[in-house]
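J.: The lines below spell out each chain.
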Amino acid sequence: MTVQQVSGWALVRERARLSDTLVSAAAVLLALTSLIPLFADLQWVMPAVAIVLVVAAVGCGSRAIGLPVPLIPLVQLMGIIGTITALYASQEAYAKVFPTSQSWDVLRVLVAEGMLDAQAFSAPVPTLPDLILLAVGGAGLAALCVDTLFVSVRSALLAGLPILVLFVGAALLQFGRAPWWTFAPAAVGWLLILAADQRERVREWGGVAATTRIRGLSTVARRVGAVAIAVALVAGIVLPVRATTGPRGSGDGAGGGGLAGGPVVLDPLVSMRRNLTLSNDAEVVRYRTDSANPSYLRVTALESFDGTTWRQRTGLESGRDPGWELPGVVQAPGDGALSTYDLSVTSLENAFLPLPYPIAELQNVSGVESGWHLDPGTGIAFSEDQSATGLQYRVTAIEPEVEAGDLRGAPLPKGTLWPQLNVPGGMSPLVKQTALDVTADARTPYDKALALQTWFTRDGGFRYSTSVRSGSDIDYIAEFLEDRVGYCEQFAGAMAVMARTLGIPSRVVVGFTQGAQGEDGSWKVTVRDAHAWPELWFDGVGWVRFEPTPRGDATVRAPAYAPAASTGSGLNGDDNRGQLDPEGFAPVSADESLDYRALANRATLLIVVLGGLVLLTLPMLRRLVRRRVRLHRRDYAGVVNGAWSEVGASALDLGQPWSPFSTPRQAAERLGRGMSAPGGAALRRLRIQVEQVRYGPAPASTEAGLTVLRERSDAVRADVRIVVRELRNRVRWQARLASYCWPPSERRRQRSSMRSMNPGDLRERVSDGAVGAAPSSAGRTPKAE
Amino acid sequence: MTTAQRSDAAAPGAPAASPETPVVASLDHARAVMAEVAASMSRVISGKPEAIRLSLVALLAEGHLLIEDVPGVGKTMLAKSLARSIDCTMHRIQFTPDLLPGDVTGVSVFDQRSSTFEFRPGAIFAHIVLGDEINRASPKTQSALLEAMEEQQVSVDGQTYPLPQPFMVIATQNPVEMEGTYPLPEAQRDRFMLQISLGYPDRSAEVAMLDSHELSDPLAAITPVTDDTTLRSLRLATRTVFASDSVKRYVVDVVTATRSTTLLRLGASPRSSVHLLQAAKAMSLLSGRDHVLPDDVQSLAVPVLSHRVLLSTEAHLDRRSAASVIADVVSRVPVP
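From first to last, the protein sequence lines stand for chains H and S.
Position one of the first sequence corresponds to residue 1 (our numbering), numbered consecutively onward.
Position one of the second sequence corresponds to residue 1001 (our numbering), numbered consecutively onward.
Since the hints were derived computationally from the structure, they do not count as laboratory data.
A hint or two may mislead.
Claimed, not checked - Coverage of chain S stretches by chain H, computed from C-beta distances (three or more under 8 Å per stretch; other residues unrestricted):
id, stretch
1, 1286-1292
2, 1330-1336
Said to hold, decoys possible - Here are the computed distance ranges between Cβ atoms for each label pair:
id, chain 1, residue 1, chain 2, residue 2, range
3, S, 1259, H, 42, 52 to 60 Å
4, H, 677, S, 1029, 42 to 50 Å
5, S, 1310, H, 229, 53 to 61 Å
6, H, 678, S, 1240, 49 to 57 Å
7, S, 1032, H, 678, 29 to 37 Å
8, H, 731, S, 1070, 35 to 43 Å
The beta-carbon is built from N, C-alpha and C at its ideal position, and this holds for glycine as well.
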């Protein structure tokens, strides 16, 4: 009759568990496809898939060893952290996986960078390691949530939430410009979960005979799901929707140099703030020079301003204007003293060479054969495809001998065709008005520029802070002039635009300050020396650097021809707060801090190891305790029922057939197949006792004395030992060992206790309780057989 | 047309046959007697031990048996072999559309000599009544049988006549889809404790049957192995079989579960709970056990319940049988 169904039940259940985990992972993987349009290429996919699989595997493993349900997400989180550590901070980690404080630092910095980059870039973003880390971490957390909500909490509906978050988040980051198809895979993923849930439910109810219904239901689900997705896709295309453009997307077509939709040109400005906020002092360039007052190192000059971003000149961007081949003499030495710079680029991924300005000659480029050009108009050396890292070169620079008097005599340039004079439309009148107000007293262009610089550095009450968002679009510049808080990008952009409104050609230059001179005389430039400044054109003199940024440290040097206003008001007060002072953060000496860190690391390792051990032995300990409790209850009925539960638990542990839905007789019949004669006899004696205790009549009197009772209980325990030994002998030693260490019976118990949280699953809870026997028969002693 | 056959023993015409107080049979005795009956029956019905066992369950549990199957698989043989194995009266009623209720229960005939109405007992006055093709009779006649089955007595012209004890109806019916049948109403099906179907015998059993029928009628070879007095004491013993509270709750759970599943339009009645427990007790007695196990209940759930329930449209669409639905329901009820 139903024997077959009942026996098959437990197996079906196990498979359903594993398949649930797989379905969760598959759903998350499908949802991850909505991130594809976010990134410029697919480098992020492999680590993201890996972490989803790690979460699934860890989930499976933890359930297999019977971890308590609340601990499973924690273990999965540890898996995520371990994977991320292995991927991004393996150098600093124990065994490449266990995080140390150093690896935490690395990860923290990466995450901080990622957050900044995520704000700075618009989709599709380049696959920088920090951004990949964010995507991978997000994928891991989503997988964890889905797995927990679906497999542990058994709520298919809630499990859709993380998927929804993943998808909606990706869509929002694209400012509503997500491709039309992106939601479909996420929806299919959720439908997978719903279908699996449905199948599970039907299986629970119908037993084997319900297979036809399973098929019918999932067909319906598939059809409904497919129709819903199709309708949603068609409706999204057909229905009139108010055209929405991203807040920053409007400018792309106007002045972007024809690059809209193409591969992203890395905006040199956006990485600025992140460099400035970093606490580490990664070296970018090291150089030696005979100049007493080294020039700033320019990386690129941004001459075209479309209202949204500053860009290089169109010809430069697209490589149509090759300029001069490098290395070589690029410019005959003109007036002014010459100084030599021996530069060595330690790490700079951009395809630009950091150069002083103006330069007369560039030579001895080592490490690269060709492909580097110099644009004489901007003084920018660039390559189309190579990064500057590792290059070494010698530059002969001209020490600018610019006198304030020369500048003061320079008139405004003739004509309005200068691209460096272009002021984008739609700019707030406040910008020009402010420029006019500030320069009201100045008569010459130079005085006006100087007035602007003074206003920015002293009189305007500006505060230097990197805790604002990046950007220098026209709206933000107007905002910046109101708030007066920002960093070099805003100062440079604002001053350049204001100069343009006054008729002075201007451009924004991105590069590094001169850096700090070491004891050996070489100059070291770190990422924290990244800087942006305006250059203004003066007829007869050329492009002249100004320094409007009131940066508190000594790295910023105003040029001699445009001296900084006397320091005082704006520089020493609140301004320093926005900056990071690496030394200010080290209250203890270096040695002490090292010891402390090593200790902390050792403690972490110890905790991890101990925690792991406890987690591993937890099921075993619990199993042993439960066995003891089961076999040593006070009354005989309790002992018999406990003995039966123990036999069942041992059978489950050893992978033998045992189902909570069979009667003692059915269970014994299945378990006893192939048992030896003494084992079978012991099992039969146990079965008779259980039947007698549970279903038999109460004995007329409790004439059995304590000793008789004890003897009987001992006999029962002896039978249990015989049966369990017999069961153990059936399986190989590996299974035996596994049954000791990770008893599946504990897993089943804990699963059923978890299931009882779900009101729909009354059945298993009741059945589990049934192992403990009927209350009415408790306390009885059996009749003598 | 009535074709009421009289078997060897005369029908008891007297209204009240005073039953002597039977002794409660012991467990071993009961088991031994029933094993003999089963052995005797299996000489005629070969290869169907389960059907024999279930018919004995109905006999011990004071229930009536409904055998539903296609013609010619031995329904009548089963009933006859059971009756012959017990030394008691047995009548056979062939139900036809024109059978009248009086043919079943009996009529009062005016005796001119005594100028009184004299009751002529119908075919139902026997220990074992075989109602052949019961679903071919008109509902009116069916309901006459019904009353007798339930009340264990017959009322004619205001006079009540008790039926002999033990009294058991074994009705056979063809599957309802067949021509010329009136399906039994639910109320009437509910009064049968068990419904079984014999099914076709397997190859070897059918060959054995050919052998046994070759020379003589195997029924003729059957001799009674017990009598009605013993049977009464066995029935009493059945009632005394112990059923623990947990088993009783299990019975109720099983029956209640048939009322909540969506696959059934009509679940089993409370009467079926009584029948199920009673049958389970009989099954325990047949196994020589003094208490009921959930296994007894499980093994009897389908024969006791499946003929009382009505499948829902959903179940019909899924081509489920009542038996498979009941089996599913039972497998979902936790065992105490």
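J.: Against the structure, test the hints numbered earlier, and report the numbers of the ones violated in rising order.
T.: Numbers 4, 5, 6 and 8, in rising order.
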